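Q: Sequence:
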Amino acid sequence: MAHIVRTIIAAVALATCTCVPLDAASAQTAAPYTWNTVPFGGGGYVDGFVYHSKKPGILYARTDVGGAYRFDFHGQKWIPLFDWMERADSDLMGVLSIALDPNDSEKVYAATGKYLSEWARKGAILRSSDRGATWQKFELPIRVGGNADGRGTGERLVVDPANGSVLYYGSNRDGLWKSSDGGATFAAAVSPAKSISLVSIDPRDGAIYLGSADGLGALLVSTDGGKSFAPVPDTPQMIPQHMAFAGDGSVLATFGRGAKPGEVNPSDVVTGGVWKREAGGHWKEITPEKPEGGAKFGYSGVDVGPDGTIAVSTIDRWWPGDDVFVSRDGGKSWIGLRDKSQLNYDAYPWASDLFSSPNSLSGWNSDIKINPFNKNQMIFVGPWVTGNLSDAGTGKPVIFGFITEELEETAITQLVSPLHGPKVMASMGDVGGAVWFDTTQSPEEGLLKPNNESNRSIDYAGQNPAIVVRASDKGPRYGYISQDAGLHWTPLPGSAFDAPKWKDHWHTSGVIAMSAGAGSMLWTPDASVASYSKDMGKSWTETAGWPVTRDHKLYPISDKQVEGVFYVYDPAGSILISVDGGASFKIIVTGMPKTAPWDQARLAVVPTRMRDLWLPYPGGLIHSPAADKKATPIANVTAAWAIGFGAPRKPGGYPAVYLAGKIKEVGGIWRSDDEGKNWTRLNPAGRNFEPIGAITGDMREPGTVYIAPGRGGVMVGKPNAQ
322 MAHIVRTIIA
332 AVALATCTCV
342 PLDAASAQTA
352 APYTWNTVPF
362 GGGGYVDGFV
372 YHSKKPGILY
382 ARTDVGGAYR
392 FDFHGQKWIP
402 LFDWMERADS
412 DLMGVLSIAL
422 DPNDSEKVYA
432 ATGKYLSEWA
442 RKGAILRSSD
452 RGATWQKFEL
462 PIRVGGNADG
472 RGTGERLVVD
482 PANGSVLYYG
492 SNRDGLWKSS
502 DGGATFAAAV
512 SPAKSISLVS
522 IDPRDGAIYL
532 GSADGLGALL
542 VSTDGGKSFA
552 PVPDTPQMIP
562 QHMAFAGDGS
572 VLATFGRGAK
582 PGEVNPSDVV
592 TGGVWKREAG
602 GHWKEITPEK
612 PEGGAKFGYS
622 GVDVGPDGTI
632 AVSTIDRWWP
642 GDDVFVSRDG
652 GKSWIGLRDK
662 SQLNYDAYPW
672 ASDLFSSPNS
682 LSGWNSDIKI
692 NPFNKNQMIF
702 VGPWVTGNLS
712 DAGTGKPVIF
722 GFITEELEET
732 AITQLVSPLH
742 GPKVMASMGD
752 VGGAVWFDTT
762 QSPEEGLLKP
772 NNESNRSIDY
782 AGQNPAIVVR
792 ASDKGPRYGY
802 ISQDAGLHWT
812 PLPGSAFDAP
822 KWKDHWHTSG
832 VIAMSAGAGS
842 MLWTPDASVA
852 SYSKDMGKSW
862 TETAGWPVTR
872 DHKLYPISDK
882 QVEGVFYVYD
892 PAGSILISVD
902 GGASFKIIVT
912 GMPKTAPWDQ
922 ARLAVVPTRM
932 RDLWLPYPGG
942 LIHSPAADKK
952 ATPIANVTAA
962 WAIGFGAPRK
972 PGGYPAVYLA
982 GKIKEVGGIW
992 RSDDEGKNWT
1002 RLNPAGRNFE
1012 PIGAITGDMR
1022 EPGTVYIAPG
1032 RGGVMVGKPN
1042 AQ
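Using the working numbering, you'd call the opening residue of the sequence shown number 322 and step up by one each time.
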């Protein structure tokens, strides 16, 4: 079955996609390293898909925080398109919309930016003329909310099918914008709405449709080239989610409305439906199942296949579960796939815990697309892909495969490579995390279940690495412990996280650190004083001498060689130590740099050395070894965002130091084999993997390093054989 799922897309592709190589500059490497993604299987919000309408074998996906991807039909994997970005542009990893030129299959555009707050970077339009292999960046004067509410609607960026130099962009809150020079510049256009959920151009008559998210929402249309817009008669006062144009001239649109006016949050849609405009111009409702009798849900994804099959998806139907409906008679009758489908996740065992419920097809299913060149292939948010859509309603199950190779949009919260046992361990937002004993396949064991929880930290006992502990934002007591290196987990018997106290705030379960001999634990929830436990988590006592802070997140760590010793960096400018299992702390190093809350500077300890401490921060790198209680800046390191340690090149030598940061203002992934005196860059030019959230070396394999790249998931870098 796994083989069948893996070949679903290949079997239905009408043309083999020739993979465009990365920028030629990527061949210029400072060190001969090979980089691969450690398989897990997605997990993020892949919120939109775009097929090219005239060229077979071209499919793109966009994500809210992990960049854009193109599917390699021949290799059966996704190609990440934004690995070239530098850290300063990392907000552009949020992709609000993708647009393709219907008359030029090489061209692709992206509206990028993550946040709408005043502190956020303004957005940009990215343009490629080689299917995403290389990009040009054009700054916008407004912000783009690729990770804002309503990000699953669209598309909001569109190329005029009659003139490839003209593009329209519907912004989150700044109205409609137009470009007449292929996306290089945009200017505000006539706009009847400030918040726009979609922009679509009818390929038959050039009518421009806008989805308004102002107030209760409305579908608007312009028949004079965008000079004026008017409400579309017979359509509801709801926010348009997606539109599709059928070969017979009919038009389809899905609608949803949240509990409050304005943008639809993908988790609070309370009503909605599906409307169709017949070829003659009249709109009518064709909703498969209406949210009646107290039910609350809407509709989001919609598409029409080459044979006229209509597919729509519900969103936020928490009970009896979201569904995908198909119609072969123009919407007169519908077939629900929820009870007629089979989800296959053999290649990604973690997904069985999240998607095994028979009550739902995926979640937050904001987009759905049918291959315009094959009526059997359909993809929806997951991404889940089927190659036998025509079997719907025949008594045969519609089989969906979880196709996520190289699309790992999981948010890594902590990355650890133990001295013994697993190769690498990662805690993740939303989907728990995993422990890998083999980094070439998605783990069947060692999954941080349940997979619907955000885990904030994971740590092991340095002298007893079979004991592992992690913090979770949910669960019975917000923490779990393993006695067998992460293969099996049980909830901690007690908790130091008072979750109800923070239910209306953005506070998490924080960090749990395990002492070297597993005799004590130290737990620091966000914005809280740390607590310690010496009875394996049964009871927790507030520690003494903890730094006083309101806005900072503090990240305690344990010494991996000496039992009962913990450290913490105080952003006010010092390092503190506990030698009594976390019961009390005192300052041991002063003169450390002061950092802001958004810097998230995290102290690190060399696992094979007692009290050998390093602090990466935006201004550089500090080293404080046991023999020297001073804070010593490392020369030539001009910025440091994450640090880790790995096996030394020579047995018994000082461990390799791995750094995500800048050496003499050059950003990259670096390795030092002489305690920071000299550095070698490991990532190839043109592939920066930014923003790197975590880095750690393998303590048993010299040269091997693990990173948490900006697009999500875990990557492993290994030196090439020489």
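Read the hints as simulated data drawn from the structure, not as lab findings. Heads up, a few of these hints could be off.
To be verified - Straight line, CA to CA, 27 angstroms or less: simulated BS3-like cross-link-like pairs of lysine-lysine: (1) 548 to 581; (2) 443 to 398; (3) 443 to 458; (4) 617 to 398; (5) 696 to 653; (6) 998 to 874; (7) 499 to 376; (8) 458 to 605; (9) 770 to 717; (10) 443 to 859; (11) 795 to 717; (12) 971 to 907; (13) 998 to 985; (14) 717 to 744; (15) 375 to 443; (16) 770 to 744; (17) 770 to 859; (18) 907 to 859; (19) 795 to 696; (20) 855 to 874; (21) 458 to 515; (22) 1039 to 744; (23) 376 to 696; (24) 611 to 581; (25) 376 to 443; (26) 915 to 951; (27) 859 to 915; (28) 855 to 770; (29) 983 to 1039.
Quick caveat, the model's predicted, so the values are computed rather than measured.
Q: Of the hints given before, which are not true for this structure?
A: 1, 2, 4, 6, 8, 9, 10, 11, 12, 14, 15, 19, 25 and 27
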